[in-house]
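> The lines below spell out each chain.
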Amino acid sequence: GDSVTQMEGPVTLSEEACLTINCTYTATGYPSLFWYVQYPGEGLQLLLKATKADDKGSNKGFEATYRKETTSFHLEKGSVQVSDSAVYFCALTHGQNFVFGPGTRLSVLP
Amino acid sequence: EPEVTQTPSHQVTQMGQEVILRCVPISNHLYFYWYRQILGQKVEFLVSFYNNEISEKSEIFDDQFSVERPDGSNFTLKIRSTKLEDSAMYFCASSEVGGRTEAFFGQGTRLTVV
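If you read the sequences in order, they're chains A and B.
Quick note: the first sequence uses the numbering used here, first residue 1, plus one each step.
Quick note: the second sequence uses the numbering used here, first residue 1, plus one each step.
You may find that some hints are simply not true.
To be verified - Now the in silico label distances, taken between C-beta atoms and shown as ranges: (1) P110(A) - S81(B): 25 to 33 Å; (2) P70(B) - T70(A): 23 to 31 Å; (3) G16(B) - E16(A): 33 to 41 Å.
Claimed, not checked - Covered stretches of chain B (chain A as the covering partner; in silico rule of three or more C-beta atoms under 8 Å from a C-beta of chain A): (4) 29-43; (5) 48-58; (6) 101-110.
Keep in mind that the hints were calculated from the coordinates and are not lab data.
Note that CB positions come from ideal geometry on N, CA and C, so glycine has one too.
For reference, chain B alone in the conformation it holds in the complex:
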């Protein structure tokens, strides 16, 4: 069964460093998303991406963050100059179409900023 895959599963980084979280969405999906879940808290939307551009982003997704689809399969989230409060589980998701259908989530990358 097709699935969204994320790497790495766990990333530890020092405050101020840049990290890139990687995702391979399901191959025929057109819409891609990043969400985050701070430990014990709710799942929060960061950004959605369609047709090689950002279609929507939340207030959390400030200039520190960027997304890219560098090739036909990968979808990345870059966090520049990480802060302690960026520590969270980051989930990538994809959906076949953008309208009201389910999104399929990856297993997540746990980012720990020390």
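With the rest of the complex left out, here is chain A:
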């Protein structure tokens, strides 16, 4: 079945550092890809998405590019803030349900 793999956390960075969270997937066909974020004590919020190969999703300074050849959808941000501290989930769907990665906890220190 479909699966999503993310880099192990937790990730701890200083404010203004660069962020990359790796995500790779195994799936039949061409799923849509997403990054969701979960802030402490809250639900899952959509961060960005890409629905076809070479699409780049972006939001709030975060971006990720759908790479079919490497089956990857890495999340990047050039300069993180303390307010970015959260758990980040990579996910895919073919339309019926979402398959989530295990999540990567990010802590940004001032």
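Following the hints, position chain B against chain A.
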């Protein structure tokens, strides 16, 4: 901005009791979902619902679980005879269409079975 709302935010129940978790999806959405997240673990799909019937369910969604859309706005998850291992955060989600678009998640209900 429209959002998915879930009640209660936290439910404590005794083992063996029945619980009903409630969700109000976004009003023009047609597809509804339940997911769960056991503390510190991954988010797992339970069930999807469309046109007043289950369209897909996971192995987790056994006879202990049921879903219902009792009226035009609510979407419920019933867990019969709860077990300790049912303790988790349960998320409701909805999407406008079923094909490859984003789902919008509620804040979750934390279920604690004691």
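> It remains to establish, for every hint, whether it holds in the given structure.
Do the hints match the structure? See the list:
no.: 1; hint: P110(A) - S81(B): 25 to 33 Å; in the structure: 48 Å, violated
no.: 2; hint: P70(B) - T70(A): 23 to 31 Å; in the structure: 46 Å, violated
no.: 3; hint: G16(B) - E16(A): 33 to 41 Å; in the structure: 52 Å, violated
no.: 4; hint: 29-43; in the structure: holds (count 5)
no.: 5; hint: 48-58; in the structure: holds (count 4)
no.: 6; hint: 101-110; in the structure: holds (count 8)
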